[in-house]
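K.L.:
The chain contents come next:
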Amino acid sequence: MTGMLLVSHSRKLVNGLADLTRELSGSVVPIETAGGEDSLGVTASMVASGITSLLVQGVDGILILGDLGSAFISAETAIDLVSSPTPVHIVDAPLVEGTIAAAMTLSTGAAIQDAISAATEAYTIRKR
Amino acid sequence: MTGMLLVSHSRKLVNGLADLTRELSGSVVPIETAGGEDSLGVTASMVASGITSLLVQGVDGILILGDLGSAFISAETAIDLVSSPTPVHIVDAPLVEGTIAAAMTLSTGAAIQDAISAATEAYTIRKR
Amino acid sequence: MTNTQFQQLWVCFGQAVSKHKDELNQLDAAIGDADHGTNLDRGLQQVLEKMQAASPATLQATCKLVAMTLLSTVGGASGALWGSGLLAAAKVFPDTDTCDDKTLTQAIQAFVDSIEQRGKAVVGDKTMLDVFVPALSSLAQDAEPITVVVPEIAAHAKEWAEATASLQAKKGRAAYLGPRSVGHIDPGATSSALWWQCLGRIIGGSV
Amino acid sequence: MTNTQFQQLWVCFGQAVSKHKDELNQLDAAIGDADHGTNLDRGLQQVLEKMQAASPATLQATCKLVAMTLLSTVGGASGALWGSGLLAAAKVFPDTDTCDDKTLTQAIQAFVDSIEQRGKAVVGDKTMLDVFVPALSSLAQDAEPITVVVPEIAAHAKEWAEATASLQAKKGRAAYLGPRSVGHIDPGATSSALWWQCLGRIIGGSV
Ligand SMILES: Nc1ncnc2c1ncn2[C@@H]1O[C@H](COP(=O)(O)OP(=O)(O)O)[C@@H](O)[C@H]1O
Ligand SMILES: Nc1ncnc2c1ncn2[C@@H]1O[C@H](COP(=O)(O)OP(=O)(O)O)[C@@H](O)[C@H]1O
Ligand SMILES: [Mg+2]
Ligand SMILES: [Mg+2]
Ligand SMILES: [Mg+2]
Ligand SMILES: [Mg+2]
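Protein chains in written order, with the UniProt record's numbering: chain R, 1 to 128; chain U, 1 to 128; chain F, 1 to 207; chain A, 1 to 207.
Errors might be hidden in some of the hints.
Listed next, the stretches of chain R that the computed footprint assigns to chain U, with coverage defined by at least 3 CB atoms under 8 Å from CB atoms of chain U [as the list claims (entries may be wrong)]:
hint : stretch
1    : 16-27
2    : 59-70
3    : 95-106
If the Cβ cut is set under 8 Å, some of the chain R residues that face chain A in the computed set are [what the hints assert, rightly or not]:
hint : residue
4    : 9
5    : 36
6    : 41
7    : 43
8    : 45
9    : 49
10   : 73
11   : 74
12   : 76
13   : 77
14   : 79
15   : 85
Derived from the structure by calculation, the hints contain no laboratory data. The structure displayed is predicted, hence computed values, not measured ones. Glycine included, each C-beta is placed from N, C-alpha and C at the ideal position.
Please construct the entire structure, taking both the sequences and the accompanying hints into account.
P.N.:
Shown next, in the form of structure tokens:
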């Protein structure tokens, strides 16, 4: 199963997003979060712990989505630090919309590449 | 001053986003949130309370951003219920990215139309 | 239609949704978030309680009460759509006990118009409109009295709902699934069919 | 450069950032989130503490310690960029007490390459690269010894930082401001100039 790691400068934001995504995708996709709690921001170490938590759950691939460009920079550095045995993809997508699209797609049993496409395409789907 | 109302099926998500946005835009933009707390979802009544809270703070315009299309449906119905004396705009933008862009733009003293454009253009800005 | 019949309609719909709650949730699980049955059931149980407590005396008052209750208790797309549609219908219903057939048709027309406007969906987008729009056009075009037409519509409603299986979702969260939404019946279309079946029974007089 | 000089560089940089903390925050307030001074200061104070506690004995060990400390304490773009750049530089530095001029240049080259790769920014995007890239090319191209070249670079660094005022931000959160970012000096370029000024003093021997 592919796991998802949601990275934001605010941990509260991604914890809420994880709740919502679990409800939308039926809790079948392992989801972890990384982000600042007392002070806002996200370090490479936080992202590295999130990756490790997913690996412990036995995922065979990881998608990372983030809020701002600096979350991506931390995520890339975290990937260097952890050297995961399974592929880790950083997905450039709108955080909320891309996470929902990817998790819903994964929950239908789709492949990781389809989930990446669904997340990326969320940039092009309008809400009304 | 223009106020912002962040609407999500998860109140926790938008509360975290409000924290982040306040930090990024220096707390000059009034921000309220609406969304489900114990059970996920967002009703028109919740959105209506959010609009009223902003009106009480004396805002002269309101931007509403939401997570999913159904949040927009609730928002439109809420606008009918409240009949606000100041203009209320529902902005179709990626929730996190659009909120940050709009609030940063408003914090520079820009007009409400510029903030709407900045939020909408967040669909086209890539993170890496 | 009388106010009593209209209230019976909501009692019937509440019972039907309660009975089919799990089925509606399962349909929603395939292309949404598995809460459509729970959402509508929560809202309709509240509607029944409030209707009993307040006993609204006119069609307009009943319709408004149902609308406001759904708007404040159903936190999903369906709550906002049914709620806003019924608010629009309430403006058409008279503030009296009874209305003629034409007014009922106009109220349903206002309901559908409002849902189309709010949700920006059209027929074929795999939503509740795929039941409501053909139902409304039968009602508006058929020359026979509604005591005849509505039971006929009720008999077709389930087929219209089932026909959504072949469609790709264009609106609502199911749209994020793209082509993967094909092959599943839309939950909102299914619950809409239950509503028409109730209306058929009540207008046909067999409740 | 010796390990002692390299450690002095971080002491100097920590003091300079601490002194200019409010100014860096104010620059960031105009086009970002007003935390650049606070971010770097928090990280560098930790660096100084850890450096004193661990006394790393080689250039590589010192560089790694600084990198890891910034990566785990600075939760902003600058922390991730400085941290990953220094991790790359640590791979170039020898695991000994001293390195020659060419190795220092290569280490700074690795630092800049890593920041370009991580941040996907180029010169002109209104970032710290608008100081580091011209500084590195002077260092790489000038035939004179670094004891001469680095103080010259240090003398120009502030101008390069100030020249970012006329640029429009293309990377980092300032990019959301589009043309509104023009007219403000980039905070990351300003702190980078402080780093070069420290390097100039230490390599020039005037600390
Ligand atoms: N934009 C829309 N227009 C019309 N009907 C819609 C729209 N979005 C969703 N629906 C209907 O609502 C149903 C889903 O309702 P429900 O599950 O209660 O809400 P949610 O999708 O918010 O969880 C869908 O099956 C569809 O029939
Ligand atoms: N993609 C990038 N590439 C290079 N430098 C960047 C990039 N993004 C941001 N920066 C630099 O980081 C500085 C901001 O750092 P800081 O305020 O500490 O982090 P944050 O922006 O996360 O709050 C900017 O002024 C800019 O010089
Ligand atoms: Mg649902
Ligand atoms: Mg729902
Ligand atoms: Mg900053
Ligand atoms: Mg910051």
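K.L.:
For each hint given before, does the structure comply? Return the numbers of the non-compliant ones in rising order.
P.N.:
9, 14 and 15
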